[in-house]
Amino acid sequence: MSDTLIKLENIQKVFFTDEVETHALADITLTINKGEYVSISGPSGCGKSTLLSLLGLLDASTEGLYQLAEHDVSNISKKERARIRNMEIGFIFQSFNLISDLDVEENVELPLTYRKDLSKDQRKAMVKEALEKVNMSHRSKHFPSQLSGGQQQRIAVARAIVGKPSIILADEPTGNLDSKNAEAVMELLDLLHAEGATICMVTHDPRSAQRASRNIDILDGQVISDNSLTKENKSSDTVAA
Amino acid sequence: MIWQDFKYAIRLLSKKPGFTALTTLVMATGIGLSVYMFSFFHTILFKDLNFQDGASLVMVSGSINGKEDAYRINALDYAEIKSSVKGLKEYGGYNNANVVVSATEGAIRFPAIMAQANIFQLTRTKPILGREFRAEDEKAGSEKVVVIGYELWQNQFSGENDVLKQNMRINGEKHNVVGVMPQGYLFPRNAQIWLPLQIDPKQLVRENSTTLHGLAHLEDGVTMAEVNRELSVVMKRIENQHPQTNTGISAHVTSIPGVGGADGAPVIYTMHTVALLILLLASINVGNLLLSRALERGKETAIRVALGAPRSRLISQMLWESTIICTLGGMIGFLVMAWGLEITEPIVATFFADPLAFWWDFGIDTYTVTLFLTILISTIFVTGFLPAWRSTGGDFNAVLRDGTRGAQGKKAGRLNRFLVISEIFISMTVLISSAVMVQSAYEQTNSDMGADTENSLVASVLLPAANYDTDAKKAHFAKTLQSRLENSASIEAVMLATSLPGHYSSISKVIIEGKEYSKDSNNSYPSANDIATMPGSLAKLGVELRQGRYFNNSDDGLAKATALVSESFAKRHFPEQGALGKRFRLAKTAQDNIEWVTIVGIVEHTIQGNRDGDAASMPAIYRPLTQAPRNQLTIAMQLSSKGSLAVQHLRKTLQGIDSELASYRIETYQASNDRITAPVVFISSLTAIFAIAGVVLAASGIYGVMANMISQRTQEIGIKRALGADEQRISREFVFAGVKLLLWGGIPGILAGGFMGFAMAQMFGTSYSSLVLIVIIMVSIVVATVLVATYLPTKNALRLEPSQALHYE
Ligand SMILES: Nc1ncnc2c1ncn2[C@@H]1O[C@H](COP(=O)(O)OP(=O)(O)O)[C@@H](O)[C@H]1O
Ligand SMILES: [Mg+2]
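So the sequences go chain by chain: A and B.
One point on numbering: in the working numbering, the residue at position 235 of the first sequence is 235, and numbering is uninterrupted.
Add 1000 to a position in the second sequence, counting from 1, and you land on the number used in the working numbering.
FYI, nobody ran anything at the bench for these hints, they're computed from the structure.
Treat the hints with care, as some may be off.
[What the hints assert, rightly or not] Okay, the calculated bits of chain A under chain B, using three or more residues with CB under 8 Å as the criterion: (1) 24 to 33; (2) 54 to 62; (3) 91 to 97.
Virtual Cβ for every residue (Gly too), placed ideally from N, Cα, C.
Based on the provided sequences and hints, a complete structural model is requested.
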């Protein structure tokens, strides 16, 4: 069995809006292995978020092949995509995206409620574990508006990991945070990586990028460089285009 | 600056023509309908009479067992009121009468007023020719005089000035024309002939007294409520002195347009409430649409604040938007409403056989314009100022910093839910209660009066009392008319009665032989429709015989007084032993002339007059016209194939019998019956229009709010989908939320609507099974509306890819 978790081949994404065609992703071919900590960088508008959306099955590519854990997911039903997002993928967003009507515990529990195989007690236990991991157990009954940005993002991390996904996708997770809070969140990601999580993170910040085990640079919808910084990194067949 | 804001508002509105058209239409509907409703009832009930001191002119009417209606008041009671009630002055009074005027083209029947001498002074109006009545005109045996109206003068006397030297034959007697009233003068309602009312209180007996409508002016500074208190004291005193005749009898004053208004008060209040609700719905919907648009522009507003725009400028700009929408909508509504008022008059005119009351002049008047402007300004305030205040009062820093709507979104969410709940509540209530009204109108127009009205004409005849002063003469006339009409080839059957099935009838109190009645009061005797018919008429009308026999020639003489009664009469008064052979008498017959009447047959129930409630179930007694002749008769003629000549034949026959006889109200039997239900049909159609408008407004409001609510949560939908919720799950969540709102608004709505519907069903006699059916249908409509209003926007939001939804602003 291979360690390959994600395999993209010749992925293109074109947005059609009011007669304008935007080629957000030109031709992406990329493999991500289990346990990798990948950072994606590049100037604003180069297609980073679009790539992350495709990886997270939040959108479909216009062209190309996408294999997730050796399954072709390019052309699966919406229902199946929802199931995979729920089971295999954890999202962390720049703007936290907590639901303001739900308290901390309910926010973290939310993805678990979309599963049918978990009892209430199981869910509670998983939520408790996730909150402990991000050090937010003491705030479980608070509402998002009562928390600082750093705290909210830690809750968002807990929500991303509560279902034990195969991969965590983070789109500029520190973009809305001051440096101290940013640092805390980055340490949290380090910790998760150390525990074996696969992480794919879009970031502007070179210091954050340094923490990753592999850096990918994108320009105009194409990968322009892809280097692994650590020796332990598994071989990669990715080629700079 | 203001000009700039105005231009900016215009630009915003023209950028979204759909939004502008919708909101304008909503305001047009709300303002147009409510102004119409208020103006309509104001004209009928509350208009100031256009006379000097018109505001203090009141009508003194009777009340029976607490029910205030246009009951006439006993002349003896009125005399006591005159001498005791200090809050009123210039007492006068009148009675309505039908008179026959002999004109060159034949006899014509006119509605006339028998008035006390001061009638014209009460309205501060002088005749344009001749004189008013004088006190001596009221004395019995004085010279017979008449004052005529301008229109009559023009039509009958070609407007000639020597009219004062002429005389008119009225009811077969010569009357000197002593005065002509000005053009348009129709007081108290629609009069063209005024005759002196001659009452001599000294000759009156309480049991059988003349009654009349009282008229008076309020003393300066005295209110109607104060007079009413005085009146009830006086009437209580009379009641204590004369319990036999006066138990349960009191008196009250009203304005002249408002007389009898208390009777229809529930309907009037309901209609006014519905009109206000519609206006409220329209304003809330438009206000809410403007508010959500303002919130959409929250970022822009925040930038303006950052650039130093004072709050007043922001509010002014939003106010312009609502001012433009409301004014445009208001003008459209006003025009449509004005047209509606114009066509109201001819429609309402069909409800009455006689001309409309003179103040019933539907159209744009000062009241309507004032009301319109008031409503317009309030709607501008509600739709503009409140949302402007709300949308400019937020935390702009927060908006600029992270673009979230934050707490404001939450508050708006609560407001939205409240709106949907109230709109669900209002639509259920309005739908159920108006559907009951419509159902009742339907049942009433299709109710079985007990007679066959097909292919028949009806006409009324009035016998002048002076010429037909004995029972024998009246009976002879009826027989002659019957036999002559029957000889016509155009007429298949002739039926004569004081009142035909379906028509209003006089009601009498009856005393059943052998029954014990409270000795204290005449009020305890039961009532019945009191009808006299020609033998044979009931059978020909299709009023079926249930037991015994119809009238025949043996009922001709006065040897034995006989009667038929309706099935309802028999059931009510002889539930066990059967009515045949039993005897009753009329309570009004004098003590020394008791005539017991024997029941010889029982016929099916007929409805006389109003098709609903107590009136419809009022039992009837029938007497043979030959035994109990009357002065006013209605003829029904079943037409043969050559029926087109029937009217001509009727006129000729009457002329042949007596040139001073007038037939009037010649129309089809069906038309005469339709007129009785026409007001109900009109009011229920009006209600239906209001209900439909209300529900369309509510439905579009619910849709608007739900669509807004859901679109505001697009991002949340994106988040949930990112976390793995599938489409079904999301739809289900929103439908559940919709159902929750449905329960919150719907259960009280069903209760309130059901309660009102139940009350109306009881009042109108609508069956409970149709009430239940109505509730089920109307509830389904509202439920379907809410589900559609939830499902469509959800479906819409789900069309976006989750990645797009996440970045939705
Ligand atoms: N839903 C969309 N519709 C149209 N164009 C889009 C959409 N999402 C992204 N784009 C365009 O695609 C390009 C890449 O966007 P994005 O992936 O968000 O860039 P970034 O690298 O800053 O995250 C940009 O030019 C953006 O304008
Ligand atoms: Mg981005």
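Hint by hint, here is what the structure shows:
no.	hint	verdict
1	24 to 33	violated (count 0)
2	54 to 62	holds (count 4)
3	91 to 97	holds (count 4)
Of the hints listed earlier, the one the structure fails to meet is number 1.
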